[in-house]
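Peer 1: As a plain string of letters, each chain reads:
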Amino acid sequence: MIRALRQFAIVLGIALLPALVSGAIQLKWNAEVPPKKDEVTIAMVHNNWSDHVLWVDARTRAKYDHAHIPDAVLLNEDEWNSLVAKFLDAWDPDVPVVVYCDGGSCDASHAIAERMRSELKIEKVYVLKGGWGAWSGK
Amino acid sequence: MRTIRLLSLLALSLSLLGARADAELKWDHPIQEFHRVPEDKEIYAHYTFKNVGAAPVTIKTVRSSCGCTTAHLDKKTFAPGEAGEIVLHFSFGDRKGLYRKGVSITTDDKPSEPFVINLLVDIHDPVTMTPALVYWKKGDPAEAKSVQFTVEPTKEVHIKSVTSSNPRLAAKLETTKAGEQYAISVKPTDTAQKESAEISVQTDFPSDAPRAYTIHARIK
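These protein sequence lines map, in sequence, to chains A and B.
Each residue of the first sequence is one higher than the one before, counting from 59 in our numbering.
Each residue of the second sequence is one higher than the one before, counting from 541 in our numbering.
Note that these hints are calculated values from the structure, not bench results.
Don't take every hint at face value.
[Stated by the list, open to error] No more than 30 Å apart at the CA atoms, straight line, and that leaves these computed lysine-lysine pairs for DSBU-like:
(1) B:Lys566 - A:Lys182
(2) B:Lys600 - A:Lys179
(3) B:Lys616 - A:Lys179
(4) B:Lys712 - B:Lys636
(5) B:Lys695 - A:Lys179
(6) A:Lys144 - A:Lys121
(7) B:Lys677 - B:Lys727
(8) B:Lys712 - A:Lys94
(9) B:Lys650 - A:Lys179
(10) A:Lys182 - B:Lys650
(11) B:Lys695 - A:Lys187
(12) B:Lys650 - B:Lys566
(13) A:Lys144 - B:Lys641
(14) A:Lys144 - B:Lys678
(15) B:Lys685 - B:Lys650
(16) B:Lys712 - B:Lys727
(17) B:Lys566 - A:Lys179
[To be verified] For the chain B half of the interface with chain A, some residues (derived, Cβ under 10 Å), not all of them:
(18) Val602
(19) Ser605
(20) Ala672
Quick caveat, the model's predicted, so the values are computed rather than measured.
Beta carbons: idealized from backbone N, C-alpha and C, even for Gly.
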């Protein structure tokens, strides 16, 4: 019986090996995906602007109320009309704006950044790669 | 020996990670497109499907890329031949323009191959007002800045009034072509200190609930 279990373990190991190798390659691949043209990382915010940016939280109000980057301003598309004035009060034309949402498949930060560019004609707008997850996990 | 063969078979089965070829959901209209106006406020889109395989299928996860889109599913497991539907609810909030919302669905027959249903919504506004922000830096010349209000050719929208919340940032309406093209000129009294104003542009469109657009003016 012990011999049988040993052989089973060997066969199981052989079967799982390709999956583990594939997983490792995929993780490495994801880790090395460079930021898109309008994206920045936390390291870039620190190195390029000494953390002197206006953070904009594009998530829902409930998530913002629960936790957000210090001094971040809430601006999402659910409440754009009522929140945009407060964002503009905090905005400084000489300071870059960095928008974040949940990260992963979340597209709200890109939508908000695009709306700032197209409607408000604000040029120095970037999106935080990895979003809230990148900040909270740093 | 028989035990070893059985265990080996089990290991091989595990390595295939549940790729069952005898179960499948067939979707009727996995991509749906809607054209709406902001006043519609929301959409409910029904995505129907049928289990065309020979084994039951269980929906394991339904993930949306946006908090504005939620999915409702009455039940999770569907017998062979059974039909079902997922209802997507998209709340517009203050969105305008074209939106593509994907919802990723995984089933127990293909756990590593999510199927994506797509919702395309064009929230259409016949008015374009650009830019919605005019600003000056302190000490800049106190020159007027212009905002263009343009109506698409198939519609006619008239501006009824233009009102600034701050008299130090005055707004003046100029009609280029009534119902089609206007310019709103915003001029600060001076730029010595920080100021802010919200300028309300009241229209007659749509007739049952006329919209007001906002121009933001700032001295920074």
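Peer 1: Against this structure, judge whether each hint is valid.
Peer 2: Comparing the hints with the structure gives:
1. B:Lys566 - A:Lys182: violated, 46 Å
2. B:Lys600 - A:Lys179: The hint is violated at about 43 Å.
3. B:Lys616 - A:Lys179: Violated, at roughly 46 Å.
4. B:Lys712 - B:Lys636: holds, 26 Å
5. B:Lys695 - A:Lys179: holds, 26 Å
6. A:Lys144 - A:Lys121: holds, 18 Å
7. B:Lys677 - B:Lys727: Holds - the C-alpha atoms of lysine 727 of chain B and lysine 677 of chain B are around 13 Å apart, at most 30 Å.
8. B:Lys712 - A:Lys94: violated, 41 Å
9. B:Lys650 - A:Lys179: violated, 45 Å
10. A:Lys182 - B:Lys650: violated, 43 Å
11. B:Lys695 - A:Lys187: Violated, at roughly 41 Å.
12. B:Lys650 - B:Lys566: holds, 13 Å
13. A:Lys144 - B:Lys641: holds, 28 Å
14. A:Lys144 - B:Lys678: holds, 19 Å
15. B:Lys685 - B:Lys650: violated, 58 Å
16. B:Lys712 - B:Lys727: holds, 8 Å
17. B:Lys566 - A:Lys179: The given pair, whose Cα atoms are some 45 Å apart, is violated under the 30 Å limit.
18. Val602: violated, 13 Å
19. Ser605: holds, 4 Å
20. Ala672: With Cβ-Cβ at 5 Å, under 10 Å, it holds.
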